[in-house]
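Letter by letter, the chains look like this.
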Amino acid sequence: MRLEPRDHAPAWLSACVPIGAVLVTVALSAGLIALAGAPIFRAFRLMFDGAVGSGFAINETLTRATPLIFTGLAAAIAFRARLWNIGAEGQLYMGAVAATVLGTGAIDWPPTLLMPLLLIAGALAGAAMLAGPALLKTKLGVDEVVTTLLLNFIVVLFVGLLLEGPLKDPMGLGWPQAAPIVPEGELVKLATGKRLHAGFLVALAMALAAWVIDARSTLGFRIRAVGLNATASRFAGIGVDRTLLWTALLSGGIAGMAGVSEVAGLKGNLTLDLSPGFGYGGIVVAMLARLHPLGVIATAIFVAGVFVGADAMSRGVGVPSYIADVIVAASLLTMLVALLLLRYRLRWR
Amino acid sequence: MAMTSSDIALRVAGVTKAFGPLLANDAISFDVKRGEVVALLGENGAGKTTLMNIVFGHYVADAGHVEAHGEMLRPGDPQAALAAGIGMVHQHFALADNLTVLENLMLGTERLWLPWSDRRDARERLRQLSARAGLVIDPQARVGRLTVGERQRVEILKALYRDARVLILDEPTAVLTPQEAESLFATLRKLVGLGLSIIFISHKLGEVLDIADRIVVLRQGRVVLERMTEGATRDDLATAMVGRQLVPPQLGAGTAKGVALRLHALDAGSADGRQRLHGIDLTIGHGEIVGIAGVAGNGQSLLADILCGVAVPAHGGIELDGESMECLTPRGALAAGIGRVPEDRHASGVVGDMDLSENAILERIGDRRFSTWGWRNPRAARTHAAALIAEFDIRGATPRTQARLLSGGNMQKLILGRVLTEHPKVIIANQPTRGLDVGAVLYVQERLAAARRDGAGILLISEDLDELLALSDRIGVMYRGRLSACRPRDALDIRTLGLMMAGAGFGETSHAS
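Listed in order, the protein sequences are those of chains P and C. Mind the numbering: the first sequence is residues 0 to 348 in numbering that gives the first Met the number 0, read in order. Mind the numbering: the second sequence is residues 0 to 512 in numbering that gives the first Met the number 0, read in order.
Derived by calculation from the structure, the hints in this document are not laboratory data. Treat the numbers as computed from the prediction; the structure is a model and nothing was measured. By construction, the Cβ of each residue, glycine as well, lies at the ideal position given by its N, Cα and C atoms. Hints may contain errors.
[To be verified] Counterexamples of contact, computed for chain C against chain P with all Cβ distances above 12 Å: (1) 219; (2) 237; (3) 304; (4) 322; (5) 479.
[Claimed, not checked] Here are the computed distance ranges between Cβ atoms for each label pair: (6) P/239 to C/315: 23 to 31 Å; (7) C/43 to P/19: 33 to 41 Å; (8) C/365 to P/289: 22 to 30 Å; (9) C/119 to P/30: 55 to 63 Å; (10) P/135 to C/326: 23 to 31 Å; (11) P/239 to C/382: 23 to 31 Å; (12) P/276 to C/315: 52 to 60 Å; (13) P/135 to C/404: 31 to 39 Å; (14) P/15 to C/43: 33 to 41 Å; (15) P/187 to C/326: 51 to 59 Å; (16) C/382 to P/321: 53 to 61 Å; (17) P/19 to C/221: 32 to 40 Å; (18) P/135 to C/330: 22 to 30 Å.
Isolated chain P, as found in the complex (with noise of 0.2 Å):
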């Protein structure tokens, strides 16, 4: 068996390869479910269901969506410019705190004024966090895989010591959380009695403009170019570390945005389970995107579905949720083959 590379992919190809990765990742958690004793159709169906088969599930789905746009476009933009940003979670910690330390009482503003603050805090909370790795690596050529990723231990290291301390809510009965969102700060919910907030909406705001930015600007021509060739793009006079410290601030602050959004829009208060790896999760939607920006909005729905729906599947047929795990890792994997056999061709011979 060989590979050889393709000139150009056909279209049907280009179509069918995501459908057929999903088909064959649906295969094979099959087989770990039917492994786990239950009933595979069934299953599959209660997630399904548990997924989008309601309108309260898709209320929950897009919740669960809504930090994982943030951090997939967090995730995508970085890619595109080939700054490998694995700080995601500590950035969005960041901007939860930014967004705790004005909006718990600091500030005395109208909502109007107050929302966009908090988001506007919190998206430079989480540039900052990222600036430092994109200087140390322009200037000194450190690697920013490792920066942006032991900086998340740091980080949220930092949040535990503040919620202990100066940020803990005197009136939280001794719980290490912080005191919660004034009623000012909070992200309006879409619906009464929902979940959903209006941080989704922000995220479907942010994927656009990222989209916008990225075909039309001549920001986001340099960042495609320096991603896809920095020695030509620095022959032909593009600023490559300035590109890149652009980038790490968009990728950042969008990044420090999950963290607002899930501080002031869902859970009210900082507390350290305020991410279960929306960071590290954003990676994959970005992946599964192919870094397209609005192809995020798509891959974190499916993921936040596959999560919410496997609780579903949990509750009704006793198959650990921890099949969402495997479900999003093995998805990514088919991806990856399938990108693969999209650029080359199997030969038997």
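We have chain P already, so just place chain C on it with the hints.
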């Protein structure tokens, strides 16, 4: 004379290979006899590389087969090719710089499960091989310290060490001085005398006529000509290779006026420390082409990088049109009217995964024509690219074609078009025709000659001495970071240039090889 199969060292029989709609090899057949040099001549994209990949087992042919010494080679198995005594010397050497010559030879031939290696045996074999083939080399020398010519000798020895009886050389003279090439040819003749067969891949007509017994010309995947070298002429071969008659560009009388670019006592060192410049003085007039010859690695690339704005000189002055430029950046160079054709078009010339319209404006993205207030104007870019495609004869492409799909020649036309449409005062052309097919070479040369007529001052750095002699008003030679005085081309010939490239006249006779 009846030919027995044992006379045939390698037989390519009806090899056909398609990549999608592209027929890279179309029923190619030829034989290589024992002790024969067969030249495989063809432009880029003629199918030479694909064919060699099939012979070597990297690809599997759709039809046809390869025989070595009368036996079928197992398709798709590089080990089988090696075992059958086929050795290949690639254009880009596959040597470990941090190991010695001997260690490089032993790499891959030792048994992995033995805890020790038998150096004494290996050294003895290397000594015998060197003596027989007339390839003198110190087995203890570190490969990283060797010259390019010496590295090539190591590559050949490596193939011989593995008992190669058919040696394939891919563009072996591309990196050599004429004198080094001459000594390579002497070696090859000696090897042929020992019964080796050689396949010599090239697109240089002169050396093919010089070394080959027989010539096979490929065009568009097919054998279009197979003949003995005796009686063949350059014109025959060029016409077969390109499929039409070619007329080389005529430069016309000198037109130099005033000073376009002046370098004064320029000193520099490259970031990796491999290249240095010492006291470079150079003047280029408007409407003048100044050629720079030299073996790769003697500072030409660093000089070009400085003038393109991607390297920084340590001392010395650069004057453009009488104005002093302290330190050039890429954008500064562009703004000052310096057009740049980079040495490696894939690495620094284009962004392969962007389309032509985007590559056409890569250097001008901030320009009013192509963006306002940070927002691109894609339509203007596409119009611009369409104009370049039409004016510079970029074939088989639209503004939306990805640059990586262009052939070398068309990619170079794109880069050249991007430069020339801005009417630069000075053009830095670093190896502008390297690796291009004959038709594209002539096109690029004609365009440079036309730019000279229009008054541009052109610095032409090239390894092709014929090109330099045909196209330059004056020629200088670089050797170990120094530049000789630039002399009119009428006062120079290939032999003189070759000697200068090896260091003659630079006052370091002890280093001349």
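| Hint check for residue 43 of chain C and residue 15 of chain P - Cβ pair distance inside 33 to 41 Å | holds, 34 Å
| Outcome for the supplied range 55 to 63 Å, where the beta carbon pair is residue 119 of chain C and residue 30 of chain P | At roughly 58 Å between Cβ atoms, residue 30 of chain P and residue 119 of chain C fall inside 55 to 63 Å, so the hint holds.
| query | Minimum Cβ separation between residue 237 of chain C and chain P greater than 12 Å? | reply | holds, 29 Å
| Honestly, do residue 19 of chain P and residue 221 of chain C meet the 32 to 40 Å range at C-beta? | For residue 221 of chain C against residue 19 of chain P, whose Cβ atoms are near 38 Å apart, the range 32 to 40 Å holds.
| task | Given the hint of 23 to 31 Å, check if residue 135 of chain P and residue 326 of chain C actually sit that far apart at their C-beta atoms. | result | holds, 25 Å
| task | Using the beta carbons of residue 276 of chain P and residue 315 of chain C, state whether their distance is inside 52 to 60 Å or not. | result | Given a distance of about 56 Å, which is inside 52 to 60 Å, the answer is holds.
| request: Indicate whether the distance between the beta carbons of residue 239 of chain P and residue 315 of chain C respects the range 23 to 31 Å. | output: Because 26 Å falls inside the window, the suggested range holds.
| query | Closest CB-CB distance from residue 304 of chain C to chain P, is it above 12 Å? | reply | violated, 9 Å
| query | In this structure, is the beta-carbon distance linking residue 382 of chain C and residue 321 of chain P contained in 53 to 61 Å? | reply | About 55 Å separates the Cβ atoms of residue 382 of chain C and residue 321 of chain P, which means 53 to 61 Å holds.
| query | Does residue 479 of chain C really sit off the interface, with its C-beta more than 12 Å from all C-beta atoms of chain P? | reply | holds, 26 Å
| said: Please check whether residue 135 of chain P and residue 330 of chain C have a Cβ separation lying inside 22 to 30 Å. | reply: Since residue 135 of chain P and residue 330 of chain C have Cβ atoms about 25 Å apart, the given range 22 to 30 Å holds.
| request: Confirm or reject the claim that residue 239 of chain P and residue 382 of chain C have a C-beta distance inside 23 to 31 Å. | output: At 28 Å between Cβs, range holds.
Of the hints listed earlier, the one the structure fails to meet is number 3.
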